[in-house]
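So the sequences go chain by chain: A and B.
Anchor point for the first sequence: position 267 equals 254 in our numbering, and the numbering is continuous, going up by one each time.
For our numbering, count along the second sequence from 1 and bump the result up by 64.
Since the hints were derived computationally from the structure, they do not count as laboratory data.
Glycine residues also receive a C-beta, built at the ideal position from the N, C-alpha and C atoms.
Treat the hints with caution; some may be incorrect.
Which stretches of chain B does chain A cover? Using the computed rule of at least three CB atoms under 8 Å from a CB of chain A, they are [to be verified]:
1) 82 to 91
2) 372 to 381
Facing chain B, from chain A, some residues (calculated, C-beta under 10 Å) [claimed, not checked]:
3) Leu25
4) Val99
5) Arg144
6) Ser146
7) Tyr147
8) Trp238
Take a look at the letters that make up each chain.
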Amino acid sequence: MHPLERLLNLVALLLEAGRPLTFGEIRAKLPAYQQGDLPAAKRMFERDKDVLRENGIPVELYPTDPWEVEDGYLIPKDRYYLPEISFTPEEISALVVAAHTPGADGEAEQAVRKLQVGAESAPLAALSRSPITAGIDPGGPRLAAVAEAIEGRRAVRFSYRPARGEPGERHVDPWAIVWRSGHWYVAGLDRDRGEPRSFRLSRFLSDVSQEGEASSPPPGFDAKAQLRLGPWGTGQGLRRARVAFSPDVSWWATRGLPEAEVKRTRRDGWVEVALPAGDSTAFVSWVLSFGPDAELLSPRALREDLVARLEAARAAL
Amino acid sequence: MRPSRASERLRRLLVLVPYVVRHPGTPLAEITRLFDVPEDELLADLNLLFMTGLPPYGPGDLIDVVVEEGRVWIEMADHFARPLRLSRNEAVALYLQGKALLGTPGLPEAPALASALVKLEEGLGPEALGELAGRVEAADDGRPAAGDLLEPLMRAAGEHRRLEIEHYSAARDETLTRRIDPEEVFSAMGNWYVVAWDEPADAERMFRIDRIRAVRPTGERFEPRGLAGAGRPLYSRSEDDVPVRLRLGPGARWVSEYYETEPVGTAKDGTMEVILPTRQLPWLAKLLVRLGGEALVVEPAELRDLAREVADRTLARYR
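All chains, please: the whole structure from these sequences, using the hints.
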């Protein structure tokens, strides 16, 4: 008998038995275990049981008599079967699109194959569409470790290379996972600094180890807000700056920055915009990326930073 | 340890059988596509399946499998009428990828995806997602960087319609009008791109959609050339590339993560030397000014001159 046939029969038997079966009873019912001697059959059964468990099938052990002399095996239906979740065709196709992210490891695809069981017609069409997102963050594999820590309310330790500055150890209570602009971040309490911070997973230099119990996020903690301040960083400053953009770049410069507010259009066509300046170094760097097409008007201190940086660049070139 | 063939086939069958039970007469082609299984393996699996069932394994106890005219029926398989529940890894992977996709601003599927994820949170129960439900967020939702142009570009790509676009070119530092054949629209690193055949240049080009000012139909259609979309590198090498050598200080190291660079080496003081291939020296000149002395040009000298010129013109605004 083919091993697959034996495995299928074993799953069916333990699902439908209705009560725990001892190995003796299983052997009596399943001809596959009647060949050879008892120890060999028992070994084969043990291997099969491991295969089922590796595949996520809950083979459970129960005592079969009051003296607990011999255990029985059962697959409880409520732990085996996927709960019925009814998705609309649009929902299933959206999940198919999400599962087929280039570079993902196939776990999500397998999840969707299970979830589409009752779907009407939609999954096939969604599968033949071309993917609309490119790749996932290289930090992806470490996500599982962070996700596990959040689930278990554990603090984590890892080695980290910040965007600026020297690499070092971080000890963090992870509060949330946030996706922004193609990257995964962990937002939480930086224990050494005593402040909420966020860390990009692709900048982790080590695996994630768990260390101690984690605090809970404070009431009203908004992980998104911590990360949403603009392309110039993840700081929490809310100081407003005013920047003028040339007509060539003004129409796209602040697209996608909902916090940017057009103040006026000058007679020369330049547009003045007010927007929050978070981390000043990053903000200055962003304004400089427009070259002569942008001028930082205020605050004065930030304007001076910018000029100093420009002069440093000029001297170094 | 690598799972055995039987184990892999079991895993596949326990997902595939419930689907066919619920969709009687499913075409073979649909099954092979949905479950990513070659047809010969599928037929071999179905041949085994129909010899299994429940004790005492009489004719009435076995699963009934019929393959006829390219369609499949599976009956007498009540015990396999529902799939195995999601493993923790499967649930977490789908949930995270779904949240990430939801964070792609302007996504047409966003409402359906959002409600699907809520159903997952509620339907899978605490065993699968636990504390994680509600602790994963996408920070970009609603950020309309690509604006109203996303939808017309996606539609033109789907219907193979030639367009005229006004586009700001970072390489040329000016807004140009060009005719393009849009083939794929995709999002990467928080930006939307359209991959197109650029008619006048007779070459493949990629445009950031937030740098497109206007889109106009031309009334013409095109024959798609099969250009690659999502998953492609954002920068494709070409013979016209200039191999720029840069020395990056600690404040400029992000350049090596953000752009495609080749590492050359790291000096004792922590500066990193990289080669950044580019066709766009004016763009790189601006980048150097932005880095404020944290990056030095090793070669070409031409780039140094360009960057000095950009720095001088920018400084002039402040004097």
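Okay, the hints, checked on the actual structure:
Counting residues of the segment 82 to 91 of chain B whose CB lies closer than 8 Å to any CB of chain A gives 3, so the stated coverage by that chain holds, three being the minimum. Here's how the segment 372 to 381 of chain B fares: 9 of its residues keep a CB closer than 8 Å to some CB of chain A, so the rule of at least three is met and the hint holds. Annotation: A/Leu25 was flagged as interfacial toward chain B, and the flag is violated, the nearest CB pair being 19 Å apart, outside 10 Å. The criterion of a C-beta within 10 Å of any C-beta in chain B is met by A/Val99, whose closest approach is roughly 7 Å, and the hint holds.
With 10 Å as the threshold, the beta carbon of A/Arg144 stays out of range of chain B, its nearest partner Cβ sitting at about 19 Å, so the hint is violated. Of the supplied interface hints, the one on A/Ser146 is violated, with its beta-carbon coming no nearer than about 16 Å to a beta-carbon of chain B, more than 10 Å. Violation of the interface hint for A/Tyr147 is found here, the shortest Cβ-Cβ separation to chain B being roughly 13 Å, above the 10 Å cut-off. Because the closest C-beta pair between A/Trp238 and chain B is about 6 Å apart, less than 10 Å, the hint holds.
Of the numbered hints listed earlier, those contradicted by the structure are 3, 5, 6, 7.
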